[in-house]
Each structure stands twice: as structure tokens, then as C-alpha cells.
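Q: Chain by chain, the residues run as shown.
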Amino acid sequence: MFEKVFENIDRTIPLVHNITNYVTVNDVANMILACGGSPIMADDMAEVEEITSICNSLVINIGTLNDRTIHSMILAGKKANELGNPVILDPVGAGASKLRTNTVYELLNEVKFTVIRGNISEIKTVYAGSGSTQGVDASIEDLVTNHNLDEMIELAQRLSRRTGAVIAITGEIDIVADEKKVYMIRNGHEIMSKITGTGCMLTAVIGAYCGANKGDTLDSTAAAVSAMGLCGELAYEKLLKTNGGTSSFRTFLIDYMSVMNHSLLEKGSKIETR
Amino acid sequence: MFEKVFENIDRTIPLVHNITNYVTVNDVANMILACGGSPIMADDMAEVEEITSICNSLVINIGTLNDRTIHSMILAGKKANELGNPVILDPVGAGASKLRTNTVYELLNEVKFTVIRGNISEIKTVYAGSGSTQGVDASIEDLVTNHNLDEMIELAQRLSRRTGAVIAITGEIDIVADEKKVYMIRNGHEIMSKITGTGCMLTAVIGAYCGANKGDTLDSTAAAVSAMGLCGELAYEKLLKTNGGTSSFRTFLIDYMSVMNHSLLEKGSKIETR
Amino acid sequence: MFEKVFENIDRTIPLVHNITNYVTVNDVANMILACGGSPIMADDMAEVEEITSICNSLVINIGTLNDRTIHSMILAGKKANELGNPVILDPVGAGASKLRTNTVYELLNEVKFTVIRGNISEIKTVYAGSGSTQGVDASIEDLVTNHNLDEMIELAQRLSRRTGAVIAITGEIDIVADEKKVYMIRNGHEIMSKITGTGCMLTAVIGAYCGANKGDTLDSTAAAVSAMGLCGELAYEKLLKTNGGTSSFRTFLIDYMSVMNHSLLEKGSKIETR
Numbered sequence: 018m019f020e021k022v023f024e025n026i027d028r029t030i031p032l033v034h035n036i037t038n039y040v041t042v043n044d045v046a047n048m049i050l051a052c053g054g055s056p057i058m059a060d061d062m063a064e065v066e067e068i069t070s071i072c073n074s075l076v077i078n079i080g081t082l083n084d085r086t087i088h089s090m091i092l093a094g095k096k097a098n099e100l101g102n103p104v105i106l107d108p109v110g111a112g113a114s115k116l117r118t119n120t121v122y123e124l125l126n127e128v129k130f131t132v133i134r135g136n137i138s139e140i141k142t143v144y145a146g147s148g149s150t151q152g153v154d155a156s157i158e159d160l161v162t163n164h165n166l167d168e169m170i171e172l173a174q175r176l177s178r179r180t181g182a183v184i185a186i187t188g189e190i191d192i193v194a195d196e197k198k199v200y201m202i203r204n205g206h207e208i209m210s211k212i213t214g215t216g217c218m219l220t221a222v223i224g225a226y227c228g229a230n231k232g233d234t235l236d237s238t239a240a241a242v243s244a245m246g247l248c249g250e251l252a253y254e255k256l257l258k259t260n261g262g263t264s265s266f267r268t269f270l271i272d273y274m275s276v277m278n279h280s281l282l283e284k285g286s287k288i289e290t291r
Numbered sequence: 018m019f020e021k022v023f024e025n026i027d028r029t030i031p032l033v034h035n036i037t038n039y040v041t042v043n044d045v046a047n048m049i050l051a052c053g054g055s056p057i058m059a060d061d062m063a064e065v066e067e068i069t070s071i072c073n074s075l076v077i078n079i080g081t082l083n084d085r086t087i088h089s090m091i092l093a094g095k096k097a098n099e100l101g102n103p104v105i106l107d108p109v110g111a112g113a114s115k116l117r118t119n120t121v122y123e124l125l126n127e128v129k130f131t132v133i134r135g136n137i138s139e140i141k142t143v144y145a146g147s148g149s150t151q152g153v154d155a156s157i158e159d160l161v162t163n164h165n166l167d168e169m170i171e172l173a174q175r176l177s178r179r180t181g182a183v184i185a186i187t188g189e190i191d192i193v194a195d196e197k198k199v200y201m202i203r204n205g206h207e208i209m210s211k212i213t214g215t216g217c218m219l220t221a222v223i224g225a226y227c228g229a230n231k232g233d234t235l236d237s238t239a240a241a242v243s244a245m246g247l248c249g250e251l252a253y254e255k256l257l258k259t260n261g262g263t264s265s266f267r268t269f270l271i272d273y274m275s276v277m278n279h280s281l282l283e284k285g286s287k288i289e290t291r
Numbered sequence: 018m019f020e021k022v023f024e025n026i027d028r029t030i031p032l033v034h035n036i037t038n039y040v041t042v043n044d045v046a047n048m049i050l051a052c053g054g055s056p057i058m059a060d061d062m063a064e065v066e067e068i069t070s071i072c073n074s075l076v077i078n079i080g081t082l083n084d085r086t087i088h089s090m091i092l093a094g095k096k097a098n099e100l101g102n103p104v105i106l107d108p109v110g111a112g113a114s115k116l117r118t119n120t121v122y123e124l125l126n127e128v129k130f131t132v133i134r135g136n137i138s139e140i141k142t143v144y145a146g147s148g149s150t151q152g153v154d155a156s157i158e159d160l161v162t163n164h165n166l167d168e169m170i171e172l173a174q175r176l177s178r179r180t181g182a183v184i185a186i187t188g189e190i191d192i193v194a195d196e197k198k199v200y201m202i203r204n205g206h207e208i209m210s211k212i213t214g215t216g217c218m219l220t221a222v223i224g225a226y227c228g229a230n231k232g233d234t235l236d237s238t239a240a241a242v243s244a245m246g247l248c249g250e251l252a253y254e255k256l257l258k259t260n261g262g263t264s265s266f267r268t269f270l271i272d273y274m275s276v277m278n279h280s281l282l283e284k285g286s287k288i289e290t291r
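Protein chains in written order, with this note's numbering: chain D, 18 to 291; chain X, 18 to 291; chain R, 18 to 291.
Among the hints, erroneous ones may be present.
For identical chains, the list gives no copy identity; a pair is met inside one copy or between any two copies.
[Said to hold, decoys possible] Straight-line C-alpha distance at most 20 Å; calculated DMTMM-like pairs for lysine to aspartate or glutamate:
| no. | residue 1 | residue 2 |
| --- | --- | --- |
| 1 | K115 | E66 |
| 2 | K197 | E171 |
| 3 | K115 | D236 |
| 4 | K95 | E254 |
| 5 | K95 | D167 |
| 6 | K258 | D84 |
Hints were generated in silico from the structure; no laboratory data involved.
In this text the structure is predicted, and so the values were computed from the model without any measurement.
Hey, can you work out the whole structure from these sequences and the hints?
A: Laid out in C-alpha cells, this is it:
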């Protein structure tokens, strides 16, 4: 299904510029390497445009915002837009503070995003300037389940129409949508929420996949979401065999991404389209 | 012994606001998740008060101080005081530089702490504006052992009287004390000093436990200290079986916290009271 | 061969001051502990001189530069020079942006370095203000192989003559050289480039070894480079046995450094001199 996506990653080794938070940055760098890309982190205004210019894509993650990095995000985003490079937004904790919410709005005004990935409460905030965010995890009432799936798909497609971006809403069921097409992905395991950074790592993998597959954003994003979820399932199976806990799970999650390929994903992906 | 402490954590899933250092921040986030809480890291002045307001507790760790974050610590600390939320201080490296020592004094003047946790030389610095700190580890002459236990307990209780905080001094023997009662805890393993961040992680676990157990600070802190030490013992046993080294130990340490519960701690804790 | 180097580390437990990037800082701290040193991270202008003064060596890594930390690097570097402490430079990504390249030149003007370690494109940038840098990895055309070994040795020795520093160029073959003597080291495994931070970690180990072995910089650097490569080989062997991926490899890499000693290195090192 995603054979070409993987071929392009192997061929390109996409260089991904990350302006990201200091909590999960190491996992993000290792995950980009594991999925076949090459990471570069740079957040100073004096260099972000130059760094973006040598990269295949840009990932903006607002997990630990400060005044210095907000300006860098806008500068780098505009440059990536100018170059036609994919720009991915992870609105971590949008809704949890005015700073985060307003920064997301400022970014949406200044930068054209190729993909926006968040949990449902973050995506709601992006959409509406409303939505309840508890911490950086999806609020329990806000999980995407079979129950509210149609409503979430509608939200994703409306936001895609507004922004021109592919929208990825991750939760129990993951939705990847543009205006015309929707992927519903049922990979993943609930233990993924028991380590920090699975969202940030996924966004970075989307950045790598899209950086190597310009013009094929929807499929690249769906492939990344499904691959990440499948790695979570495989890592959980290995966890049980080794009597490990959440930190072993984190190790195995990155391990499986480092051996993921087209045929493994073909066998394990649980994707429907609409 | 600490059954209610664990029940409250499971029920509350305490959200812990961390203003912390960039060295161990990922371990801290994963450890908070492992112990049953939910972490949020935010250090910009523009959002710290708002973030603290949605959290159950605040952890201030001065491991990589800078001018920007010092102000955020004070703002967040005052807000948490106003809300009656527990505020935990980890005075990492206090005594190693004037910046750290003076920041600790400024924090003590501006913020009322619920718990202060450090090694003996850090706690001495907090107490006296003196004390020799080598790096961020306890100086060898300053380890809490059977030899100087009485003296250390007296120091802890005096500092508790001065500050109103529960004082946790960690070392070969851990002391957790308020004015009236003292726990002496003999869990732990010396290999814990061979990885970075065991102190920071413990302080964060204290933050989670206290956030879910307001009004039961002494017991919550003692439970956290004992649980962390027990995880260290179990992780070391597993290390021997797997022929691992210090990085495997780090993984196992977090693993064991993710499966820790009341009955495991009951069986393994080595606690005396005075 | 390096018996005395290891003896001095065990005896000194060198305290290493790191002004480094936030991507790999946790790995760097754990690797310093694993190799027998003690890390301290501090980057604020208000404390870096004081922190450097209590340390055995200083490691400057420009991986995530910003205006604030550049000044701190210069202040700390000058202080370490004044004290006669080894100062190690890791010019991460030099050549990738003007900020990085110019900062390296400014650092070289202001601070006398004891060791400079980078991949070939970084070292070329340091040497010539030119050189193509893709991301933070060595450009493929720029790997040190048997083919271009003589040329690289000449570059290293010229740069050593210009700067007075021991030069370590790491790649398929590692070169450690001063004006008079060259070590060629064939330890290591290609999977080391599939995790972030192997370069940063190596530079930090060099900082620890040199901090404990003042006046024996060339041998200390060669020992660190060989030990790191050997840990990579051993970690890869263990990876195969455990069906792991790149994140397990990272764990095992640090694990092996934590059990590395003189006799293990004696058996496994692949070093020639010229």
C-alpha cells in the first residue's frame, strides 16, 4: 500500500529540521534516525532559515515554548513555505495556556502548514479557539472512539478545508484526513500514553516521511501514523516477554521503528479509508 | 502502611507542573508517568501561572538555571502557594555557585515550599549558606551514614522548623522529616549514583505523590523515597541477570516504578520511624 | 597501552563541566558517569566561570547554539585556560550555518582548545571556513576511509599545528593526531551513526579522560576514541543476540562504557600509530 513512501525514504534519507521542546527532543532525534531520516535541531533566529534551507522538511512543536523560539518558528516556517518544503505542526498542549493557544493562532496566520497532528483536544483548540486541554494528553471525554468517530472526521475535514493541511487526530482510533479522503487507523496500544513523547515522535516521523514524499502528503502521513502504531503493538508484545515496564517499552518502540519497512507495515497495518 | 497514598494517586492521576533542568527532563517526565501521574513542563513567564493553576502540584528544580527560568519559578511558586498546591524544591547543586545558592535563598524568601529534597551538601547549603558541594552529587564526607545519622536528623528537623517544609535528605540512608516525626529509609542501591537524574526523578515522584495526597505530605514523601529506593534495588537485581550496565539500570528503574504498587512497597520497604 | 589513563580516571573521578546542546545532554551526562567521571551542566553567564573552576575539564558543544550560550562558552573557556584545565571543542554542524561556523571561529580566537573532535566535514570547516556539511553527520563523500587516509592525517596535523590542539577526526577510521604523532583507530560500528549523540558522547568521554590525565592529552584522547568504538562493537554484538534495534543499541553502548576498563580495551582496541 505504501511501498513508494518507503522507497522514497530509503532513497532520500530526508533531513528534518526540528524546532521542538527540550522534554522529548532526544527521542525525536532517535526516532527520525530510526525511521530512515536524519535530524537537525536548531532554534536560534540567527540560523533557523539557513538550516531549514538545507532540509527536506520542517517540524514545529510547541511543547516548551518561549519568546525566543516563537520567532524562530515563524521565520523557519516562512522560509520552508518559500522553498515548498513540508511544514508539520504539533500544537502540544494547545488550550492549556493562552501562550500556547495564541502561538498556534499566530503560527496558522503566518505559516502554511502541510500537516497538523494533535490529540483531539489540541485539534479542537486549533479549530475553534476552544476545547478543554488537560496537560498534554487527550482529555478522557475527548478520545476518538467508534462512538464519536463521524463527528471527529467531520472536524478533521473542516479543519483541512480551512488550513489546506492534512489533519492527523491521534487517539484510540487515528484519523488522517484531507478535504477529500479519510484514513481511519486502528494500530497502536494504550501503553503508548504511559511514556512521554509518542506524539512528538510521531509528528517527527510524519516530517521525515513527508520530506521524502513531496506531493504525497496524505499517504505519507497515514503510513507514518500506522507504522508508529504498529511499532507500539510490537513493542508491547516484546514487553510482555521481557517482563519490562514503560521505559523498556520506549526502547522497544524506537527499536521497531528502526527495523520497520514496507512489508512489515503491509502485514500489520489496520487501515480503512472513506 | 501507605495504602491510602497509592489509592489517591490511582484515583487522582495527579498533573505535575515541572520547571526543571534540560539534562534529566525526559527521565523526569517518564518517571512521573511511571508512578501514576501526568507531567507538564512549562517554564515561560507568560504561561507558568496558568499552567500551575491546572495542576495538582509544582516541582521546581534548579539544575540548569538561567535568568529567564528563575523568574518563572517565583511566579509559579507564588501561584501554587495561593492555590494551596504542594510545591517541591530540588536545590540541585546549591553551594556549587553563587547563582544557585542565591537563587535558592530567593526562592525560600518568595515561595513557601511543601517539601525540600536534596543530598546532604545541598540541604546544608539551604540551611546555612555554607556547605561544600562537589558537582551535583553528595560530597563523600557528607554522606548520611549510621555514623552521622543523629546529626543529620537534627539538621532536617531544624530546617523543617525554619521553613515549614518536609525535608528529605537522600544518601546511603534517606531521612524524611518534619518537626515532629522522622522516617529513616534504608532502601536503594549505590549504583543509583552512577546514572544522572535519580535525584530529579525522585523529587518529581514526590511531586506526584504529594499532588494526589494534600495534607498527607510527610507520609507521601516517605512513600516516594522508599518506592524509588526499592525500584533501585529491583533494577539492580535485574541488571545482574541481564549482564547490563548503567543505562540498562536506568531503564529498569523506570520500569519498576511503572509496576510499583502498595503491596510491592509493603513487602520491600525498609523504614523506621522516630 | 593506556593503563595509566584508566588508573588516573579511577583515582580522580574527573568532574566535567559541559556547555552543550539539549538534544543529547542526558546521554552525555550518563556517558560521563559510565566512563568514571562526574558531569555538571551549567550554561548561564552568571555561573559558568565558577562552575568551571571546580571542575577538571570543560567540554564545549555547539549543537544547539543560541546567543545566550555563546557568551557563556567564551567566559568558561577563558577561565579554564587561565586554570590550565583541558578544554574540548565539539563543533557540531559547523558549516551548516553561518552562526555555527562563525561561532567556531570566535571560539578559536578567544579560547585555546586542548582537543577538537568532529567528523571530517566539521573539521574541514574548522580548518578552512569551507566544507560541505549536511546536517550533523559526515557527508558521505567526506568519510575517512583507507582511500583518503593520508590526506586526512595531513589535515589533522596541520590543524593541530595551527591551534595547538589534539585533533580527533571520527569516521570509518578515526584519526587522533598532534603535530608529531598520529593514532589511526579502527574500532566502531556503522550502526553508531543511527543513534543521535555518539559524537557528543565521545567528546564528553574525551573531556573526562583528559580531565584526569593532564599533560597526557594525545593518549587520553586516543584511549577515549578507541574505548567508545569498542563499546559500539560490543553493543552491536549484544544487539544481534537480543533482536533489538537502534534504541537498544544506545542502551548497550552506555552499558559497555560503564564496564570498560584497561584490560578490556587492551584486548579489543585496533590502533596503529605513525
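Q: Which hints from the list above does the structure break, by number from lowest to highest?
A: Numbers 3, 4, 5, 6 - these are the hints that the structure violates, sorted from lowest upward.
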